[in-house]
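Residue numbers (my numbering), protein chains in the order written: chain A, 1 to 383; chain B, 1 to 378.
Everything labelled a hint here was simulated from the structure, so no lab data went into it.
Hints may be right or wrong, so weigh each one.
[Stated by the list, open to error] Using 27 Å as the maximum straight-line C-alpha spacing, the simulated DSSO-like pairs for lysine-lysine come out as follows:
id: 1; chain 1: A; residue 1: K159; chain 2: A; residue 2: K215
id: 2; chain 1: A; residue 1: K256; chain 2: B; residue 2: K161
id: 3; chain 1: B; residue 1: K30; chain 2: A; residue 2: K213
id: 4; chain 1: B; residue 1: K209; chain 2: B; residue 2: K355
id: 5; chain 1: B; residue 1: K355; chain 2: B; residue 2: K80
id: 6; chain 1: A; residue 1: K347; chain 2: B; residue 2: K30
id: 7; chain 1: B; residue 1: K161; chain 2: A; residue 2: K94
id: 8; chain 1: A; residue 1: K232; chain 2: B; residue 2: K161
id: 9; chain 1: A; residue 1: K232; chain 2: A; residue 2: K366
id: 10; chain 1: A; residue 1: K159; chain 2: B; residue 2: K161
id: 11; chain 1: B; residue 1: K161; chain 2: A; residue 2: K154
id: 12; chain 1: A; residue 1: K163; chain 2: A; residue 2: K315
id: 13; chain 1: A; residue 1: K163; chain 2: B; residue 2: K161
id: 14; chain 1: B; residue 1: K30; chain 2: A; residue 2: K341
id: 15; chain 1: A; residue 1: K211; chain 2: B; residue 2: K30
id: 16; chain 1: A; residue 1: K213; chain 2: A; residue 2: K163
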Amino acid sequence: MLLLCLLLPLAASCSPDVTEISDLTLIMAVGIDYDEKTNRYTLSTYNVMPTSQSTERSAKLTGWVVSASGSSLLETARNLRGLVGNRMIWQHNKFALIGEEAARHSFYGIMDFLMRNRQVRLSSYLIVSEGKASDKLNVRSASGDLLSNDLLGKVRNEKEWGKSIMLSIQEVANWQPDPYRGFVTGKVGIASLPADAKDELSLGGGAVFDKGKFKQWIKGDDVLVVQLLSHKNRWRNMEFVVSVGEEADRATLFFKEVGQSIHTGFRNGRPCVDIALSFTATMGEIDRSLPLDNPAEIGKLEQSASRELERRIDKSLAYFQHDVRTDVLGFSELFAQRHPKHWAAAKANWEDIYPTMPVNVHADVKIDRLGMIQYSKGQSDGE
Amino acid sequence: MQEKVSPGAWICLIFSFISGFSTLFLQEAKLLEQDVWLSYLCGIAMSFGVLAVLYLAQRNYPGLSMTEVFDRLLGKQIAKICLCLYLVYILEIQGAAFQALTLFYRTVVLPNTSSGQIILLIALTTAYASSLGLGAIVRTVQVLLCFFLFFMLVIVVFIYKNVTINPFLPLFQHRAPEIAFGGLLSLYFPFGKSIVFCFLFSRVTNRKKLLPSTLIALSLSGLYLFAATYLSFGSLGMNLVQSVTFPFFSAIQLVRFGEYLERIEIMIIGIWTVFTLFEIIVLQFVFMQVFEHIFALKHVRALALPVGLLFFAMSHRSFVHQADLSFYNFRIGPFSTLLPTVVIPLLLLLISLLKRGNRSGEGGPLLASSDDARRPRS
Numbered sequence: 001m002l003l004l005c006l007l008l009p010l011a012a013s014c015s016p017d018v019t020e021i022s023d024l025t026l027i028m029a030v031g032i033d034y035d036e037k038t039n040r041y042t043l044s045t046y047n048v049m050p051t052s053q054s055t056e057r058s059a060k061l062t063g064w065v066v067s068a069s070g071s072s073l074l075e076t077a078r079n080l081r082g083l084v085g086n087r088m089i090w091q092h093n094k095f096a097l098i099g100e101e102a103a104r105h106s107f108y109g110i111m112d113f114l115m116r117n118r119q120v121r122l123s124s125y126l127i128v129s130e131g132k133a134s135d136k137l138n139v140r141s142a143s144g145d146l147l148s149n150d151l152l153g154k155v156r157n158e159k160e161w162g163k164s165i166m167l168s169i170q171e172v173a174n175w176q177p178d179p180y181r182g183f184v185t186g187k188v189g190i191a192s193l194p195a196d197a198k199d200e201l202s203l204g205g206g207a208v209f210d211k212g213k214f215k216q217w218i219k220g221d222d223v224l225v226v227q228l229l230s231h232k233n234r235w236r237n238m239e240f241v242v243s244v245g246e247e248a249d250r251a252t253l254f255f256k257e258v259g260q261s262i263h264t265g266f267r268n269g270r271p272c273v274d275i276a277l278s279f280t281a282t283m284g285e286i287d288r289s290l291p292l293d294n295p296a297e298i299g300k301l302e303q304s305a306s307r308e309l310e311r312r313i314d315k316s317l318a319y320f321q322h323d324v325r326t327d328v329l330g331f332s333e334l335f336a337q338r339h340p341k342h343w344a345a346a347k348a349n350w351e352d353i354y355p356t357m358p359v360n361v362h363a364d365v366k367i368d369r370l371g372m373i374q375y376s377k378g379q380s381d382g383e
Numbered sequence: 001m002q003e004k005v006s007p008g009a010w011i012c013l014i015f016s017f018i019s020g021f022s023t024l025f026l027q028e029a030k031l032l033e034q035d036v037w038l039s040y041l042c043g044i045a046m047s048f049g050v051l052a053v054l055y056l057a058q059r060n061y062p063g064l065s066m067t068e069v070f071d072r073l074l075g076k077q078i079a080k081i082c083l084c085l086y087l088v089y090i091l092e093i094q095g096a097a098f099q100a101l102t103l104f105y106r107t108v109v110l111p112n113t114s115s116g117q118i119i120l121l122i123a124l125t126t127a128y129a130s131s132l133g134l135g136a137i138v139r140t141v142q143v144l145l146c147f148f149l150f151f152m153l154v155i156v157v158f159i160y161k162n163v164t165i166n167p168f169l170p171l172f173q174h175r176a177p178e179i180a181f182g183g184l185l186s187l188y189f190p191f192g193k194s195i196v197f198c199f200l201f202s203r204v205t206n207r208k209k210l211l212p213s214t215l216i217a218l219s220l221s222g223l224y225l226f227a228a229t230y231l232s233f234g235s236l237g238m239n240l241v242q243s244v245t246f247p248f249f250s251a252i253q254l255v256r257f258g259e260y261l262e263r264i265e266i267m268i269i270g271i272w273t274v275f276t277l278f279e280i281i282v283l284q285f286v287f288m289q290v291f292e293h294i295f296a297l298k299h300v301r302a303l304a305l306p307v308g309l310l311f312f313a314m315s316h317r318s319f320v321h322q323a324d325l326s327f328y329n330f331r332i333g334p335f336s337t338l339l340p341t342v343v344i345p346l347l348l349l350l351i352s353l354l355k356r357g358n359r360s361g362e363g364g365p366l367l368a369s370s371d372d373a374r375r376p377r378s
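Based on the provided sequences and hints, a complete structural model is requested.
Next comes the structure, spelled out in structure tokens:
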């Protein structure tokens, strides 16, 4: 009996769910397109073979793309089985690229497919593609690296400029059913590299979603403001660059957000928002010599930087309120959480309230570092 | 000689019993959202109240097990009927537990494995474990609880990093009837099922510490459930929690160490499964004890496999569709289980008080109780 029990662990290999690693194909990125006229989906996957070889040799992996179409996403995904000799698994997939048309016309179905499938990870990034998503998967990265690695690197770089933004499927799935707020997720396009006229995937700008579907694109500067006014996990490690002053009298600084306070309230029965942001800055580049050892000069520069950031944020907020007319920053959530009684009365008219709601921004910049060089007093006086 | 359980081990046992399945569906959290903690408090208070009632009913009969107290208070025939209701209750929640675990495994890990196969494996495992006796079960719980708590603590810290707002605000946004129904749900699952521990009261060494230990165990289970709910709401978001089948598991899936080390949930599934099994094992153990008493059997260990197979047969034919399980958990279970979890304990207390009153009229309750205690156990 005991011997029989000892043999039982070996029975695990009899499970119908066992898959040998050599029989697998790993999907690393997926592109979903939809044709509204024919009502058909196209699913493209960027795949690699798993390897048991050394890291050095595995770096030479090559990816390939397969595509299939069908009347539903699940059927389309199954149609891919006829094109790939191995068992395709989604657990390693990090990117879901959604074609512009698909995001506009069939986003609910796509999200349902992604969330219902046990293999799709909620931590994968959801990006909207300018034009068709399948085209993007066929672009070879200039570095020669796998497309998924290249994209991941670009996502990593997001915190160094802030003009692209990546939402996970989890974040999108949570905000998508909200009737009051929208959200901004990543935008992927193709840029031509001038050197050898090769195409390269580019992340930048954002895709605005409202009421569960894609609404419009926004530019990188507006995405930066979305990042600055999002929750701390987004801006905590982000560094961005802004130029302050006029041409030929311009200083460019690295900024880091260090504090954020978004105060919501009701004045005369109308909702209003007061935002206070604080930043630290490091001098990055100056177009002319400045007496940086003079605290008054630094103070002036800090004032200019603060006003410049306020101007940019005001501009983007006005754009969101008056042109996009979508609460991409989630002010409605804050009102609902902090003023539930007022919100219960106001939410029915939120679409009218949001564009006219006063939003006041105050930025406070402290320049704490000047970089590796510092002009001496003599040099400054000499000029 | 029956092995006794210390108050500390008692806390571990109840905590493991309640906490295995408690975070699986979070159905009352989906109903009450940020006010769910009120339902947890109601569930803990009511469950503790019922266990205290049973303790009070048993206090007059020190040295007797709860099944024997049933006999004393209700008479042998009515006691048998009541104890049979407890067997049915255990069969009900055992069937739901088997199917819930199978559903989880077939949805998340083993989609191609048949439910019968999984249920059979669980039934065989629990049959073996319950045949080892309470002492072995308690010792295993104490050893594995350390691992469970360590892994959960690590996971909790990492999930907490994903929480950006306090999801339990604003407070008190639900009406009293909704909160009352949430409390009823919490009483049914997970806290109320601790009622089966009344049949193990006589196995606790220090009787004075029994009620405080029970309260500590229930409170710790509530704290763990509260933390799991907070983290699920905070990391997934309120809307997504409403959509997903297993909210806390989905929250765990979001955890990653650095950029590449993720998919660690499979380890958590392993340790979590062991804890869900503790519930099933304890339920089977109690079922066997009650069964033994009703039918006056002598060799309770011999019942382990037949009872395990009974559970297998029951579970295999129950809750065949996922919707059946949700419907039962939401619409039937909270009401159908009130009889064993609330009505019978209150009846016992009432009869106990009446008998005590009669005895005090005859010459004092303490004397009468002592006489009862000195009688040989049947």
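Structure-based check of all given hints:
Under the criterion of a C-alpha separation no larger than 27 Å, the hint pairing A/K159 with A/K215 is consistent with the structure, at around 25 Å. Only pairs whose Cα atoms come within 27 Å are accepted, and A/K256 paired with B/K161 is accepted, the gap being roughly 20 Å. Between B/K30 and A/K213, the direct Cα distance comes to roughly 25 Å. Compliance with the 27 Å bound is thereby established for this hinted pair. Among the hinted pairs, B/K209 with B/K355 is consistent with the structure: their alpha-carbon atoms are about 26 Å apart, no more than 27 Å.
Simply put, B/K355 and B/K80 have alpha-carbon atoms about 20 Å apart, close enough for the 27 Å limit, and the pair holds. For a cut-off of 27 Å, the pair hint linking A/K347 to B/K30 stands: about 22 Å separates their Cα positions. This hinted pair checks out: B/K161 and A/K94 have alpha carbons roughly 20 Å apart, not beyond 27 Å. Proximity of A/K232 to B/K161 is assessed by CA-CA distance (about 11 Å); at most 27 Å being required, the pair is judged to hold.
With a C-alpha separation of about 19 Å, the suggested pair A/K232 and A/K366 falls inside the 27 Å cut-off, and the hint holds. With a C-alpha separation of about 18 Å, the suggested pairing of A/K159 with B/K161 holds against the 27 Å cut-off. For the given pair, B/K161 sits about 23 Å from A/K154 by alpha-carbon distance, which is consistent with the 27 Å threshold. For the hint pairing A/K163 with A/K315, the CA-to-CA distance comes to about 15 Å; that is within 27 Å, so the pair holds.
Only pairs whose Cα atoms come within 27 Å are accepted, and A/K163 paired with B/K161 is accepted, the gap being roughly 24 Å. Distance check on the hinted pair: B/K30 and A/K341 sit about 22 Å apart at the alpha-carbon level, within 27 Å; holds. Taking the CA atoms of A/K211 and B/K30, the gap is about 22 Å. The hint holds against a cut of 27 Å. For a cut-off of 27 Å, the pair hint linking A/K213 to A/K163 stands: about 22 Å separates their Cα positions.
Checked against the numbered hints above, the structure breaks none of them.
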